[in-house]
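Novice: Residues 83 to 408 in this note's numbering are what the sequence shown lists, from first letter to last.
Honestly, the hints are just simulated from the structure, not real lab data. Don't take every hint at face value.
Unchecked claim - Pairs of lysine to aspartate or glutamate residues, derived as EDC-like cross-links and limited to a Cα-Cα distance of at most 20 angstroms, are as follows:
#1 K139 - E179
#2 K283 - E314
#3 K141 - E88
#4 K178 - E192
#5 K99 - D177
#6 K195 - D146
#7 K375 - E329
#8 K99 - E142
Claimed, not checked - Cβ pair distances, simulated, as ranges:
#9 E287 - E328: 29 to 35 angstroms
#10 Q138 - A378: 36 to 42 angstroms
#11 A321 - E291: 33 to 39 angstroms
#12 E350 - K283: 17 to 23 angstroms
Beta carbons: idealized from backbone N, C-alpha and C, even for Gly.
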Amino acid sequence: MEGVEEVYIGVDGGGTKTSVAVISVERSKRDRSLLAHTVLSSCTVGGTNQNSVGKQKAKETLCDGVRSAIDLAGLSPTQVKGVCCCMSGVDRREDKELVKGWLAEVVDPESTKLLIYSDAVGALASGTGGQLRGIVLIAGTGMIVMGFADSETRARVSGWGPLMGDIGSGYWLGHMALRACAQAADGASGPTSILPKVLAKVGAEVPEELIPWTYQDTRWDRIAALAQCVLEAVREGDAVASALIEEAVSEYVKCISTVYHRLHLGRETPATIVLSGGLLTHKNSVLAAELQKAMASTALNHKITLPTMPPEEASAILVYRAVHDM
């Protein structure tokens, strides 16, 4: 064997599901560099965002998931050299310490490196091979841009939630679709194919039926589901939908540029920009294509990429690099 094998665990934790991966890393005896890694086991459990499922439920689910992944790999907790959890709902230092306390009931914190990051870090690492340098744009139900110059130097823009911003998010597009419907029904704007698409999606026959549909349940994911109507309309050349896509992309570029300059990225090598989230990573994404064009017209030294591995796998590599100060 050329190198030494070590075991690490990565966790991608969200509000509805959590994915755990156990990997075996073969590192060089000479310089500790990563030669290869193999996924030994993986499993998916429920949500671990303490803000949505509560602290006790989040703790139980996380610990059960890590234990299950270790068992599936045929290992014992003492063989694990590091655990990295990239989770939603852990932005504050006290949140991170809380999760470390949970993990201490599964692995030995004295001999196991524990890292706790937000889920945005896992999304970034999924496109950088587990390296904590670059920028990630996540556009799904919400929208956030986060960047790292190194493990200690980071910057964040957006991600405040739909009532405070997140232009370009699924919720924002869904909200704007409903506004476009109201304006078209009132005759305050030109016709748009967004209106019949929204009516069909929610099972309504006339625009007035959108009022009870909208206000009876304002959950974010429910409104965000209407973003698909905008994306379908823009492919048909709808002017209203095209204007919304243009506004979303303009916001993406502004947020990326802000993080890029705050971290002084791209001075020696192109800054890696990872696109993540359902609006950007699906096949033939209109938003991703338009963002590529818009970024090409900027002066930023950058390269855009999509995730090359699952975030839980990338998180495991992240803690491997931390253990070896790489």
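Novice: Kindly indicate which numbered hints from before are broken by the structure, ordering the numbers from low to high.
Specialist: As far as the earlier hints go, 3, 10, 11 and 12 are violated by this structure, in ascending order.
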